[in-house]
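Protein chains: 2
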Amino acid sequence: MRREITGFSNPLLKEIRGLREKKFRKRAGLFLAEGLRIMTEAREAGFLPEMLFRVKDRPVHDLEVTLEAEVLANNGDVIETSADIMAKLSGKDNAQAVVGVYRDHGTALVDIDRSTAPIWLVAQSMRDPGNLGTMLRTGDAVGAGGLILIDDCTDPFSVESVRASMGAIFTQKVVQCRWEEFTAWLRAGEGQLVGTSLQTDTDYQAARYSAPCFILTGNEAQGLPDDYEAECDLRVKMPMRGKADSLNAAVATAVMAYEVLNQFRHA
Amino acid sequence: MRREITGFSNPLLKEIRGLREKKFRKRAGLFLAEGLRIMTEAREAGFLPEMLFRVKDRPVHDLEVTLEAEVLANNGDVIETSADIMAKLSGKDNAQAVVGVYRDHGTALVDIDRSTAPIWLVAQSMRDPGNLGTMLRTGDAVGAGGLILIDDCTDPFSVESVRASMGAIFTQKVVQCRWEEFTAWLRAGEGQLVGTSLQTDTDYQAARYSAPCFILTGNEAQGLPDDYEAECDLRVKMPMRGKADSLNAAVATAVMAYEVLNQFRHA
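Top to bottom, those sequences are chains A and B.
Using this note's numbering, you'd call the opening residue of the first sequence number 1 and step up by one each time.
Using this note's numbering, you'd call the opening residue of the second sequence number 1 and step up by one each time.
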């Protein structure tokens, strides 16, 4: 239904603004994605928002017209607001002109079919939402099937993570589980678990990867726990020519993922 | 000199807190680096802070003892504060226990000796401080000589950029200049300019890179302007297997930089 919100005190606004906090997202089972670009990626991946907030009285892109028509046809709401109200909703001055409220769509490990993709990313206790979203975006680029989040990761449905994913939150499967669940599932089928490590002499280009390849990246500050590293089928290291001995976690994942993709595409 | 600040109203605190804003950094020629890890990287690279703020009455790491001794020997100040004052200085509750105030150390293009490193990173209108800091960190890892910032980039000496660099702000040369200055300097000597592009069929692994190789990355949203792309000696593309057609800018730079490093080390 198409309707309008004109008052700052409308209770729906408070509810939607609350979706910036994890506890309210969990309670509602909803999350926010901001901007036409990401919302178009979502639509193309088959996801429509339950509510679409839009600033009225401004030039409108064709893609937004299409999106709004589909939201309405799908029994969703298109809600017109002023730019001021949108700024309040977004908590920032330069708010996007459209914001979507989506049903969250995590996948259970048991519902993953590992044969559908040659690469899967696995993150352990990833704390930075920008890193997590960037890993989703990289996963999409290398043709990964999804991102499996182990232990105490930051919420993939946070506004920051969704933004950094540039829409890949809708195209990648997202699983959250404990390490024991993951390893039990992994070992019940085919799959090579690869971790980057400082405790190995195996160059990441000398190793031979096989599909489905699970690339495991540890927490930004601590890296992987020793027993997680021990579980890996391959421990590899990237060359480090500088003073420091590490890369940003999302960067390290991408460098590994492109090496695996390169081996597969040249095989 | 070792001294103590006990009052929240001390004018030095306001001055130091101001260094979180670019205009005050420019005016003072100073910037902040937070935490013992980054400050130790700085020390090892030959940079000592003019002032070191530390929270008193807590366990102290050996590296901090060494650092403080060197700051004092170098005629710098070691300033003791309470945790509350440090939180005010940092603008956050979980502040680091040590914060350094450093003289900023940008390099002029004319002072760069391109023969000192096989790889140089070049960023055009990079807007996100996390991306810029991550590029510095990646530059350190691949043995790059430095990062050349073209046009309207975010300030490399911001707190966010310094943090994301994990100390590489001290080990990489940092140059800021206009495109015309850069190209004039580049073409006055040896050097291959490489840009990633969607308008080419050349796979990034099929191209042959030569040192010194300058890897050019464009703005996060717009990518490279057409005439900048036209100036490149090589335009290459990375495989994209997903729905979207791009990577995070810092990730794309890293994937390119590792390909160049891999070709050089296997040559």
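To be clear, the hints were calculated from the coordinates, so they are not data collected in a lab.
Positions of the beta carbon are idealized from the N, C-alpha and C atoms, including for glycine.
Please note that the accuracy of each hint is not assured.
[Claimed, not checked] Over the 10 Å line for every Cβ pair with chain A, so calculated as not near, a few chain B residues: (1) N10; (2) E44; (3) R127.
[What the hints assert, rightly or not] Covered stretches of chain A, as calculated for chain B (at least 3 residues, CB under 8 Å): (4) 17 to 25; (5) 39 to 49; (6) 88 to 96; (7) 174 to 188.
[As the list claims (entries may be wrong)] Now the in silico label distances, taken between C-beta atoms and shown as ranges: (8) B:S9 / A:E181: 47 to 57 Å; (9) B:D201 / A:T66: 40 to 50 Å; (10) A:T6 / B:R187: 57 to 67 Å; (11) B:E4 / A:D245: 56 to 66 Å; (12) A:K88 / B:E160: 34 to 44 Å.
Going through the hints against the structure:
Taking the minimum C-beta to C-beta distance to chain A, about 32 Å, the non-interface status of N10 (chain B) holds against the 10 Å cut. Its closest Cβ contact with chain A, about 7 Å, brings E44 (chain B) to no more than 10 Å, contrary to its assignment away from the interface. With a closest Cβ-Cβ approach of about 13 Å to chain A, R127 (chain B) is found to remain outside the 10 Å limit, as its non-interface label requires. Restraint check on the segment 17 to 25 of chain A versus chain B: 0 residues with Cβ-Cβ distances below 8 Å, three needed, restraint violated.
Check on the segment 39 to 49 of chain A: 3 of its residues sit with their Cβ under 8 Å from a Cβ of chain B, so the three-residue criterion for coverage holds. Taking a C-beta to C-beta cut-off of 8 Å, the segment 88 to 96 of chain A contributes 0 residues in contact with chain B, too few for the three needed, and the coverage statement is violated. Residues of the segment 174 to 188 of chain A lying with their CB closer than 8 Å to a CB of chain B number 0, which falls below the three-residue condition for coverage. In this structure the supplied range 47 to 57 Å holds for S9 (chain B) paired with E181 (chain A), their Cβ-Cβ distance being about 54 Å.
For D201 (chain B) paired with T66 (chain A), a C-beta distance near 31 Å fails the hint of 40 to 50 Å. Remark: the range hint 57 to 67 Å for T6 (chain A) to R187 (chain B) is upheld by a beta-carbon distance near 59 Å. Restraint check, E4 (chain B) to D245 (chain A): a C-beta distance of roughly 36 Å breaks the suggested window 56 to 66 Å. With their beta carbons about 25 Å apart, K88 (chain A) and E160 (chain B) fall outside the hinted range of 34 to 44 Å.
Figure legend: structure checked against the earlier numbered hints; hints not met, in rising order: 2, 4, 6, 7, 9, 11 and 12.
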